[in-house]
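Asker: Residue-level listing of the chains:
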Amino acid sequence: MARFVLRRLLQSVVVLLGVTLVVFLLLQLVPGDPVRVALGTRFDQQTYDALRERSGLDRPLVAQYVGYVGHALTGDLGVSFRSGQPVTTIVLERLPATLSLAVTAVLLALLVAFPLGVLSAVRSGSVLDHAARVFSQFGVSVPDFWMGIMGILLFAGVLGWLPPSGYVALTEDPAGWASHVLLPAAAVGLVTASILTRFIRSSVLEVLSEDYVRTAEAKGLRSRIVVVRHVLRNALIPVVTVVAVQLASLIGGVIVIEVLFAWPGVGRLTYDAVQARDYPVLQGAVLFVAALFLLMNLLVDVLYARLDPRIGVR
Amino acid sequence: MRERSGRPTRPGHAGAPARRDPAEPVLAIEDLTVTIGTRRGPARAVAGVDWSVRAGQTLALVGESGSGKSMTVLAATGLAPRAARVTGRVRLLGEELTVLPEPRRRRLRGRHVGFVFQDPMTSLNPVLTVGRQVSEGCEEHLGMTRRQARERAVELLDLVGIPSPRRRADAYPHQFSGGMRQRVVIAMALSCEPDLLIADEPTTALDVTTQAQIVELVADLRRRLGTAVVWITHDLGVVAGVADTVAVMYGGRIVEQGPVDAVFAAPSHPYTRALLAARPDPAHRGRELPAIQGAPPSPLDLPAGCAFWPRCPVRGDARCEHELPPLVPVAPGHRVRTFYPGREDA
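Protein sequence lines, in the order shown, are assigned to chains A and B. Using our numbering, read the first sequence as starting at 1 and increasing by one per residue. Using our numbering, read the second sequence as starting at 1 and increasing by one per residue.
These are calculated hints, taken from the structure and not from any lab test. Do not take every clue at face value.
The calculated label-pair distances, taken between Cβ atoms and stated as ranges, are [claimed, not checked]:
#1 A:310 with B:276: 41 to 49 Å
#2 A:310 with B:41: 34 to 42 Å
#3 B:121 with A:138: 34 to 42 Å
#4 B:223 with A:309: 33 to 41 Å
Quick look at which bits of chain B chain A covers, simulated, 3 or more residues with Cβ under 8 Å [stated by the list, open to error]:
#5 104-112
#6 115-127
#7 136-150
Using N, Cα and C, we set each Cβ at its ideal position, and we do this for glycine too.
I would like the entire structure built from these sequences, with the hints used as guidance.
Answerer: This is the structure in structure tokens:
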């Protein structure tokens, strides 16, 4: 197992290198001059050249890239053009907000999708099954920002139950955090819940038609035992992947929702960095998200080997 | 194989009907009909099937794929697909199963009937150890604790000839060969000392030497435990070896049934004769096997008369095409569904 993890970690390093290269090259194609943006409208040539030199933007591309990767290996992702703070610090500061939002969204989604998906498969064709299908169709069709806006209008505007936007750290005020996270998490979670409901339903349906389920029924086991012990254990193995991928993509992809709810996470950071042409921050944020994605995949693979005895970890 | 001994081996007969009359069949089905709703209309998979099997006896259900033999036993024991409508009477140990609510029927099935299905590669759950899969029935029906049930699972794995059963009980199905898996399935089927064992083509997916071992294993268990066996197969060689009585099915109906010796010695339905003729015979090595022309009828579109009529070499008269022949006795206990019993061809 240790060797497997080590090998996967080494593979991840290679992938991350690729990610840095792609991001680095893409940024070269983006129009706009970060030094100009940083200096505003009034500056002279001397200040411009000085900042350009200090940022290393006057060096050849290859040198810039090699320098960047070299520093990145030591955890130094450069400094923000805008604030002058180290990028690593900035991203790490934003991470708890994003993680808490993404995890809450996935938990909310699972809370809905798990019972709904399983029940609609076990009672396929029932009223509940049809309702679940309508729900998931609705969920995947409606964009999350629209759900967010509607949520704000209803729960913050009309009813006044929840704050419309803003962020309170979980560590400082759990109740305040909960009231703030609920709307954005529900808005994002609805899409995730719809995807998961569909996936869980079809996975459970597939397992229900397996021969070994008939074997279990032939043994005269109670249907609850058949479903929990024989069906779910098998049906949920592929679901683990989908949940992890959903979580990973939420960590990297809740930009619109974070902007809408003034949620100071990595998504919001990425958005601001793009606006400001703050290349080091943008690179750093993307690199972080990619690293989290890879970590999540590794976790899934390890979990898979634990859940499915047929998968040998070599 | 060693003697079974000790308390955990001897399950209590809680939930079993109190008195057992040896003349009373273990399983008796009467006029069983199964209709399955499909997108293209109702499919009549089984029609008016009667048979019974006594303790210590083996009934072979023979027929081509789709002839309704598996559906008959699945429907009788409440395992038919949800889309199936089952009518008729099914008595298991004297209890009428068709009128029982599902929980009661489920308990009777698990406690008194063991199933061995066709493909051991798919009939075991891949994520549970084989020990667990054998023991869960004992926990459910014999009121054993998890530990007792595990001990019993080890004994059963030993009984069906799995080497180092204590260690192998913790292995997963994919760590066994096909033949060994089928032994596990048999151990599972025997876990509650069932009165009836239903073996649904248990050797079809196995290689020839393993087939012989499994056939011998079941025959041996039946002799020692006095279990009634329903053996579903299309292999007439197996039928001759294991069965006491045989029922030949075609198009969802029984076309011939009787003691195995009588049916083999004097096959009276053209279909039975054709099946027997299609067996490989060492005396005729090198000669092409006679095949039955055409294909079995679709359960969606059964002929009005005899289901075998389109393929029949006899075709005595117009009645065969338009009128369903009754099941008539040709000898004691030997019945055949044809207007022309014993006639070779027209």
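Asker: Could you run down the list of hints and mark each one as holding or not?
Answerer: Results for each hint:
1. A:310 with B:276: 41 to 49 Å: holds, 43 Å
2. A:310 with B:41: 34 to 42 Å: holds, 41 Å
3. B:121 with A:138: 34 to 42 Å: holds, 41 Å
4. B:223 with A:309: 33 to 41 Å: 36 Å Cβ-Cβ, so the 33 to 41 Å window holds.
5. 104-112: holds (count 6)
6. 115-127: Our answer is that it holds, as 9 residues pass the Cβ test (under 8 Å) against chain A, meeting three.
7. 136-150: With 4 residues closer than 8 Å to chain A, the region 136-150 of chain B meets the three-residue bar; holds.
Against the hints set out earlier in the document, no violation occurs for any number.
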